[in-house]
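Following the hints, put chain B in place on chain A, whose structure we already have.
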Amino acid sequence: MAQKKDFKRVDRYIWELPQDFRDDMRVPVRLFGDAELFDMAFRDRTVEQLTNTATLPGIVKYAMAMPDFHQGYGFPIGGVAAIDAQTGVISPGGVGYDINCGVRLLASHLERGEIEPEVENLTATLYQTCPSGVGGKGRERVSDRELEELVMDGAKWALKRGLARREDVACTEEQGHLAGADPSQLSKRAWERGRDQVGSLGAGNHFLEIDVVSEVYDAKAAEAFGLWQGQVVVQIHCGSRGFGHQVCDDYVKSLQPAVKKYNIQIPDRELVCAPINSPEGQAYYGAMACAVNYAFVNRQVLVMGVREAFERVLAGKVRDFDLFQVYDVAHNIAKFEEHDLDGRRTRLCVHRKGATRAFGPGYAGLPAAYRDVGQPVLVPGSMGTASYVLVGTRKAMDLTFGSTCHGAGRTMSRTQARKSVWGADLRQELEGQGIVIRAGSNKGLAEEAPAAYKDVSQVVEVVHGLGIARRVARLEPMAVIKG
Amino acid sequence: MKRRFQEIEHTADIAIRVWGRDLAELFANAAYGMACQLADPAAVTLSVEHEVELEAYDLETLLVTWLGELLYLGERDGMVFPACQVLEITATTVRAVAQGGPVEEYHGHVKAVTFSNLNVECTDAGCETMIVFDV
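Protein chains in written order, with the numbering used here: chain A, 1 to 483; chain B, 1 to 135.
Hints were generated in silico from the structure; no laboratory data involved.
Note that the Cβ used here is the ideal one computed from N, Cα and C, for glycine as well.
A few of these clues could be false.
As a list, the in silico SDA-like pairs of lysine to any residue whose alpha-carbon atoms are at most 25 Å apart [claimed, not checked]:
#  : chain 1 : residue 1 : chain 2 : residue 2
1  : A       : K443      : B       : Q37
2  : A       : K419      : B       : I8
3  : A       : K160      : A       : T129
4  : A       : K137      : B       : V135
5  : A       : K156      : A       : E120
6  : A       : K443      : B       : V97
7  : A       : K220      : A       : P361
8  : B       : K2        : B       : E105
9  : A       : K156      : A       : E146
10 : A       : K156      : A       : E140
11 : A       : K261      : B       : T65
12 : A       : K137      : B       : E105
Partial chain B-side listing against chain A, Cβ under 10 Å, derived [unchecked claim]:
#  : residue
13 : E9
14 : L46
15 : T61
16 : R76
17 : G78
18 : H107
19 : G108
20 : A112
21 : S116
Extracted from the complex, chain A is given alone in its bound form (with noise of 0.2 Å):
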């Protein structure tokens, strides 16, 4: 395995592992950090696991690792490939099984005075409004004839249905509908896991915040994105639930053979693929993009949790009570998009899991007032942390195929964590500093106490020092809903 001495360090905040390290890679291998972080890379399998990554059939320049990386499974977590469209392979671990887990901003014209009075009362509104917890039934019960529509249209289906606002759907990446869904590629098991979970947050990592801006660093990227300090924001984060787990795992059995008919080494089993081309590819990106499309409904469906608990709660005691959405990233995806390789526009299946996309300014498919500045990318923080938003850059498109990190990072393992944390104790502490918590256990909440993450200030600061995205503001929470 790879040591320190292995790597060279190409930039402040990179590090370089040259392909001849290992006979099967096929690019090098980039770990974006600053000495500390890149420290971290050593404590677990992250090294191991990105240089697995390099393996992967028409990989092209880099395998990356955002610097809030750490151990996963198959990628590792922070993981970014392009893979060539025409030569290359799609694999189903380099996405995940929370396909589309991924952020949604809203933003009020609140301050926080203004619901300092009212945050326990809207925290337990907000509770009763947005189901969590594991195995939750969601907001909306689709019959099968629904569920083929909403995984074919996305947003679009919301919409339709009076469950989105227009400007919801502008304001969410790929305006919530990744083309390429095929229902025809889903089994039997995701129709059936996918009915009730319209609409629920789950367990796990998976939560709901209410924040207030506590700085900002750039006006006019605020300014676009209708941030001002001392303001009432809402994060959402979450996926595509049973389904879109269901879909991975199935896929990740089914292509168990693919890997052999199609005679691809691969050193993880969890890295399986196959060519994007071949009908086992396609049919997995079909079904992949049916549960992409059912995350954006997912989160789609919670803003209207949200707004309702707002206004149930806050309606003719404060001027507005609305919300409207400032964005919406996907964190664990593949899409194709198109990049410069080498002078060359060139077609890419770029798979990001636990990584967000970060286009810079002048990019056709934001929403016009986000045009100039970029599109802003949602960096949760861990538990009881600050969270940041960003903007992508230019540098991003050049340096990492416009990806940049998802959140903190873990850095102890769950068990450690619930050795060091007690949950009640994390809860008194958290309430201590004002922050009101609804969570479904006290184990859950030990589980992701921040001492178990890396600072999501430092790794955002690498970021920003790269140039893959840029801080523009950060959010203090005020409390936190967790499944």
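Quick look at chain B alone, frame taken from chain A:
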């Protein structure tokens, strides 16, 4: 009795090492190890029984399919299945009875069973594997 499973450190997910005198016991112990991640098995009354028959591409895929089946049944009905008897097993097929019951309080969630570093090894001394769960 030899240890049935042990938790291994993993930065983000849950990893366990599982042992069994033979494949049948390995599969049963893996189911128990997974159930322990979801709820306290002592608090589960074994009131429900499912007979499960599965087929897969190879042994590792069979193990993932087996645990995935229990996860699915559990999530569907709000149950866990800590007690399983494997009646018949080959490298590509398994027939087993899963016993479990409703859960009052979940203490964890498993999204899926992964193939990450999954490699079932059997010797004269017994069978062993590591399993990583996505949580």
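Would you pick out the hints that fail for this structure and give their numbers low to high? 5, 6, 8 and 14
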